[in-house]
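Participant: Chain by chain, the residues:
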Amino acid sequence: MEKTVNHKAWFLVLPVLVLVAFSAVIPLMTVVNYSVQDTFGNNVFFWAGLEWFQQVLASPRIHDALMRQILFSAIILAIEVPLGIFVALNMPKRGFWASLCLVLMALPLLIPWNVVGTIWQIFGRVDIGLLGHTLAKLGISYNYTANAFDAWVTVIVMDVWHWTSLVALLAYAGLQSIPDAYYQAAKIDQASRWKVFRYIELPKMQGVLLIAILLRFMDSFMIYTEPFVVTGGGPGNATTFLSIDLVKMAIGQFDLGPAAAFSIMYFLVILLISWVFYTVMTNLDKREGI
Amino acid sequence: MARITLSNLAHSYLPHPKGPEDFALKQMDHVWEDGGAYALLGSSGCGKTTLLNIISGLLRPSQGRVLFGDRDVTDAPTAERNIAQVFQFPVVYDTMSVRDNLAFPLRNRRMDAAYIRARVEAIGRMIGMEAVLDRKARGLTADAKQKISLGRGMVREDVNAILFDEPLTVIDPHMKWELRTQLKTLHRELSHTMIYVTHDQTEALTFADKVVVMYDGRVVQMGTPQELFETPAHTFVGYFIGSPGMNLLDARIEGNVAHVEGCAVPLGAGYGPVGGRAQIGIRPEFARLTSAEGLPVRLRRVEDVGRHKIVRAEFFGREINIIAEEGAGIGPDMTRVAFRPDKINVYSDDWRVAPAGRLGEAA
Amino acid sequence: MALELIGVEKRVGAQTHIAPTTLTLEKGTMNVLLGPTLAGKTSLMRLMAGLDVPTEGRILWHGADVTGMRVQDRQVAMVYQQFINYPSISVYDNIASPLRLQRKSRAEIDRAVRETAEMMKLTPMLARKPLELSGGQQQRCALARALVKGAGLVLLDEPLANLDYKLREELRAEIPKIFEASGAIFVYATTEPEEALLLGGNTATLWEGRVTQFGPTPQVYRQPRDAITARVFSDPPMNFLPVTKAGPRLMFGEGQTAPATGSLAGIADGRYLAGFRANHVEIAPRPGAVLEFDCRLAVTEITGSETFVHLHHGTDRWVGLVHGVHQIEPDTRMPVWLDPAFVYVFGENGALVAPAPYAVAA
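Protein chains in written order, with full-length UniProt numbering: chain A, 1 to 290; chain B, 1 to 363; chain C, 1 to 362.
The shape of chain A in the complex, shown without the other chains (with noise of 0.2 Å):
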């Protein structure tokens, strides 16, 4: 239906534009600025062209650690989807078990990032840890500052732990919507269990699903507190992912051309990927319904 037209409500949405100009264009178009020129210090600017873009697209240590994120965020995305479809069809529908599981379920998502690295920096530490200790116990070699692959076991079993929840929650939420009616139908039908889930409950969490792998897909490509307060990027460069190189880059070495071009690439990149994936499941949707 036709709305009212009226030219008032611009003035409304003003504020919001001010502050997105503070918070978000005015602070990226400094980046940009610096990723196209170069400095000896004393604030004086040279004009450096694509030049940074180029060093950067040349630099394998930027492609390993492109690699590696895009395996991380592979293995979280393959892991937590699956589990949390899995959780959300276990939990109770309703009652005081329905309410426990729900507040259970919201816990990991309440501690803050640094707070649930350095929980498992401890919980796996060999002299002190739980897990470290327990696994050592039973014998088990576990050192995730000096093997590679520990350290990637524990870094994905963090946010695997951290994470679950959301996709869960989403999940059960998009099952919660489907009505009664559907699984009575499915019974008188004599549907088996596994077409219940692949012909109603998987259609009808669609929707919340697709925001659930964004949401996971973006977080985990941008992932930086919990590994490095963890292993620190390490052993050697095994979990430098992509956020923690940017941040050596800038910080560590003050190269700042190289890490603005960096940002804005990285910035491009996971916009892509995020469009790739919605467009991909938007038209799934479209081609369905024809």
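Derived from the structure by calculation, the hints contain no laboratory data.
There may be inaccurate statements among the hints.
As the list claims (entries may be wrong) - Cut-off 30 Å, straight-line C-alpha distance, at most; resulting in silico cross-link-like pairs (DSS-like, lysine-lysine):
| no. | chain 1 | residue 1 | chain 2 | residue 2 |
| --- | --- | --- | --- | --- |
| 1 | B | Lys-184 | C | Lys-166 |
| 2 | C | Lys-177 | C | Lys-104 |
| 3 | B | Lys-176 | C | Lys-166 |
| 4 | B | Lys-309 | C | Lys-27 |
| 5 | C | Lys-166 | B | Lys-210 |
| 6 | B | Lys-343 | C | Lys-27 |
| 7 | B | Lys-176 | A | Lys-187 |
| 8 | B | Lys-210 | A | Lys-187 |
| 9 | B | Lys-309 | C | Lys-149 |
| 10 | C | Lys-27 | C | Lys-149 |
| 11 | B | Lys-176 | B | Lys-18 |
| 12 | C | Lys-149 | C | Lys-177 |
| 13 | C | Lys-166 | C | Lys-129 |
| 14 | C | Lys-121 | C | Lys-104 |
| 15 | C | Lys-149 | C | Lys-129 |
| 16 | B | Lys-309 | C | Lys-104 |
| 17 | B | Lys-136 | B | Lys-176 |
| 18 | B | Lys-343 | A | Lys-204 |
| 19 | A | Lys-8 | C | Lys-149 |
| 20 | B | Lys-210 | B | Lys-176 |
| 21 | B | Lys-26 | B | Lys-210 |
| 22 | A | Lys-204 | B | Lys-184 |
| 23 | B | Lys-136 | A | Lys-195 |
| 24 | C | Lys-104 | C | Lys-27 |
| 25 | C | Lys-129 | A | Lys-8 |
| 26 | C | Lys-166 | B | Lys-309 |
| 27 | B | Lys-136 | A | Lys-187 |
| 28 | C | Lys-166 | B | Lys-26 |
| 29 | C | Lys-166 | C | Lys-177 |
| 30 | B | Lys-309 | B | Lys-343 |
| 31 | A | Lys-204 | A | Lys-187 |
| 32 | C | Lys-177 | A | Lys-93 |
| 33 | C | Lys-27 | C | Lys-177 |
| 34 | A | Lys-187 | B | Lys-26 |
| 35 | B | Lys-309 | A | Lys-187 |
| 36 | A | Lys-8 | A | Lys-93 |
To be verified - Chain A side only, calculated, beta carbon under 10 Å to chain B, not exhaustive:
| no. | residue |
| --- | --- |
| 37 | Asp-127 |
| 38 | Gly-129 |
| 39 | Pro-179 |
| 40 | Ala-181 |
For each residue, glycine too, the CB sits at the ideal point set by N, CA and C.
Since the structure of chain A is provided, determine the placement of chains B and C on it from the hints.
Facilitator: Okay, now just chains B and C, sitting in the frame of chain A:
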């Protein structure tokens, strides 16, 4: 296909019901014949959905038994009852094609593929969707989706009964008559036992051979549309069926005469003593305005609804509705209302009293 | 003192939602907008309310131009098909809310709320929340909120469409009473001809965004200007069959003839379209019903006290509406009868050539 027997059935949602008011469904005994088309009709909260849920197995009754044929299914879960159900809102498997939707219940029962193909084509034709069998169900209109639900309900030939729970709620008004007449035709072709729950009298009366009118957790009448119109067994049926509903007047019954506010109204039959609150009921269709005979009334309004006129008259504070023909002249001297004696029903505490005998036979 | 629409038109992009319309709604009248879904009833109401601005034309309120004025600045109340109330406050506060916006005194508000509640039979429910009420009572609450404002223009957009038919019957009988008490201009949109007839007043029939006729309701019903108006104002839709006028006789379909009498006597010889309403179809012989048609019964529908008979007459589909309950087997061949006094004659362009003789006599 099976006869459905409700034996000594009652249900309360409370764990320890005390009085009859705690029962959503009051004690009842009914037998619904194999292959019949039944409608459960009543306004919201009358217990019709509770009764449907007991038959489908969603709810276990607090007392009594449910029998399909000779088998006691009171404790059997839905899946074992071998029934089909069509819900208020369309339940379709969105990601499947229309064809796969219709075939779903058959495939799950591992029927022969050739049989499934033929059966799905036949049902597709019956519901008028043969042209869109290969389309995805998602994106179809609510009407079309509900037709798929209807089709899926009818695809199995061996079901004990097909239950319909207000299936036309989401259908556009001008499509309703098409679907409800289609359902009637389908019943004739398939001869399954069908139970149709609705609050819409036209849907119920059009669809069913026997209409089960429910009120306050009770079945107040089970009868043909004709019986519901001419001899309502309860004043609620008189009120609920027909528009406007039946006129009711407090009366004292003496043989074949009713005394209403001191006026004598001749009845078509003789009655024995009528206890409790005695009333006479007459449908507006069988009342007419006259200048000579009948009860004296005051005319309040005449509503011209085109095909006829509804005269709203007042008799000692009680409203009497009269239906007059489209062209009928209503003169200022027409201040009396006369009833057709053979169409008057007598009620005692809201329940219809059977006449003791036709006129002349009365003692 | 009236609401005047002068050449009002509404286009959105290339689509015309409302064709140029000129209407005058007088003070204190009940005006029904009758038409099927999507005929433009709601669009026209939104223009009247000021929720939409017309593309062309002017709207006058008591002689003053209000064309571009916002709805908030006009004296308008509106009730919708959905039961729209504030769910978190009591019925009393719901009814009082428009008065509080007008900054009326507390005593004045209390008096107005109680008076309106009494009229709408809501007095016992004043302390309750809207969602604790039945559908009929919720809509009464919405109606009360619209009435209490004392707005000069009250717009009701299919207010009874979402109610069960018994509740609809009850509330429908009350709307004329509250209308008489209010003295405002009422505009009532409905898809049901019977509702229009019950409300009386004036009726504007709408079809595809165009007002096809506007006049006193019984007149529009009995003397429709064209076939479209007749179709819109008949439920079930009017039945049609070809008719030929030759001298003093009319020949209906294939072979049924009757003398052309009354209003039908004066029309020129030629081919026309005859229209008759469902309730004039007789399934038993009756004096005057001299036309007999051989039909096949497709199906019957029973409403409780009346029966719809859906008929096939050759390739034509007809519907008859007869009193009482009749259960007839489908596919039965059956004759039906018609009195030529109930026949409207339309030209090939759909315009009325002669009204039915009975309608002229009435």
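Participant: If a hint holds in the structure, say so; if it doesn't, say that too.
Facilitator: Each hint, compared with the structure:
The hinted pair formed by Lys-184/B and Lys-166/C meets the criterion: a straight-line CA distance of about 24 Å does not exceed 30 Å. Of the supplied pair hints, the one linking Lys-177/C and Lys-104/C holds, its CA atoms being roughly 26 Å apart against a limit of 30 Å. For a cut-off of 30 Å, the pair hint linking Lys-176/B to Lys-166/C stands: about 19 Å separates their Cα positions. Taken as a hint, the Lys-309/B and Lys-27/C pair is honoured in the structure, with Cα atoms around 28 Å apart against an allowance of 30 Å.
Taking the CA atoms of Lys-166/C and Lys-210/B, the gap is near 21 Å; set against the 30 Å cutoff, the hint holds. A hinted pair counts as satisfied when its Cα atoms are at most 30 Å apart, and Lys-343/B with Lys-27/C does not qualify at roughly 46 Å. A hinted pair counts as satisfied when its Cα atoms are at most 30 Å apart, and Lys-176/B with Lys-187/A qualifies at roughly 28 Å. Between the alpha carbons of Lys-210/B and Lys-187/A the distance comes to roughly 29 Å, so the proposed pair stays at or under 30 Å and holds.
In summary, the hint linking Lys-309/B to Lys-149/C is not supported, as the alpha carbons are separated by about 34 Å, beyond the 30 Å threshold. Note on Lys-27/C and Lys-149/C: the hinted pairing holds, with a Cα-Cα distance of about 17 Å set against a maximum of 30 Å. A C-alpha spacing of about 42 Å is found between Lys-176/B and Lys-18/B, which places the hinted pair above 30 Å, so the restraint is violated. With a C-alpha separation of about 17 Å, the suggested pairing of Lys-149/C with Lys-177/C holds against the 30 Å cut-off.
Between Lys-166/C and Lys-129/C the alpha-carbon distance is near 23 Å, which keeps this suggested pair within the 30 Å criterion. Annotation: proposed proximity of Lys-121/C to Lys-104/C holds, straight-line Cα distance about 23 Å (limit 30 Å). Taking the CA atoms of Lys-149/C and Lys-129/C, the gap is about 20 Å. The hint holds against a cut of 30 Å. For the suggested pair Lys-309/B and Lys-104/C, the alpha carbons sit about 44 Å apart, so the restraint of at most 30 Å is broken.
Our distance criterion of 30 Å between C-alpha atoms is met by Lys-136/B and Lys-176/B, whose separation comes to about 24 Å. A threshold of 30 Å between alpha carbons decides the hint, and for Lys-343/B with Lys-204/A the separation of about 56 Å lies outside it, so the pair is violated. At most 30 Å may separate the alpha-carbon atoms for a hinted pair to count; Lys-8/A and Lys-149/C meet this at roughly 27 Å. Distance restraint check for Lys-210/B and Lys-176/B: the Cα-Cα separation of roughly 20 Å lies within the 30 Å cut-off, and the hinted pair is therefore satisfied.
Proposed proximity of Lys-26/B and Lys-210/B is supported: the alpha carbons are some 20 Å apart, at most 30 Å. With a CA separation close to 33 Å, the supplied pair Lys-204/A and Lys-184/B exceeds the 30 Å bound. The suggested pairing of Lys-136/B with Lys-195/A holds, with an alpha-carbon distance near 17 Å, which does not exceed 30 Å. With a C-alpha separation of about 25 Å, the suggested pairing of Lys-104/C with Lys-27/C holds against the 30 Å cut-off.
At most 30 Å may separate the alpha-carbon atoms for a hinted pair to count; Lys-129/C and Lys-8/A exceed this at roughly 35 Å. For the hint pairing Lys-166/C with Lys-309/B, the CA-to-CA distance comes to about 19 Å; that is within 30 Å, so the pair holds. Only pairs whose Cα atoms come within 30 Å are accepted, and Lys-136/B paired with Lys-187/A is accepted, the gap being roughly 22 Å. For the hint linking Lys-166/C to Lys-26/B, the alpha-carbon distance of about 24 Å falls within 30 Å, and the restraint holds.
At roughly 18 Å between alpha-carbon atoms, Lys-166/C and Lys-177/C fall within 30 Å of each other, so this suggested pair holds. Under the criterion of a C-alpha separation no larger than 30 Å, the hint pairing Lys-309/B with Lys-343/B is consistent with the structure, at around 20 Å. A hinted pair counts as satisfied when its Cα atoms are at most 30 Å apart, and Lys-204/A with Lys-187/A qualifies at roughly 18 Å. A C-alpha spacing of about 50 Å is found between Lys-177/C and Lys-93/A, which places the hinted pair above 30 Å, so the restraint is violated.
Proposed proximity of Lys-27/C and Lys-177/C is supported: the alpha carbons are some 16 Å apart, at most 30 Å. At roughly 28 Å between alpha-carbon atoms, Lys-187/A and Lys-26/B fall within 30 Å of each other, so this suggested pair holds. Between Lys-309/B and Lys-187/A the alpha-carbon distance is near 51 Å, which puts this suggested pair outside the 30 Å criterion. For the given pair, Lys-8/A sits about 46 Å from Lys-93/A by alpha-carbon distance, which is inconsistent with the 30 Å threshold.
Contact between Asp-127/A and chain B, as hinted, is not supported at the beta carbon level, the nearest pair being about 53 Å apart and thus beyond 10 Å. Proximity of Gly-129/A to chain B is violated relative to the hint, the smallest CB-CB distance being about 46 Å (cut-off 10 Å). Hint on Pro-179/A holds. Least Cβ distance to chain B is approximately 7 Å, under the 10 Å limit. Residue-level restraint check for Ala-181/A holds (minimum Cβ-Cβ distance to chain B is 4 Å; threshold 10 Å).
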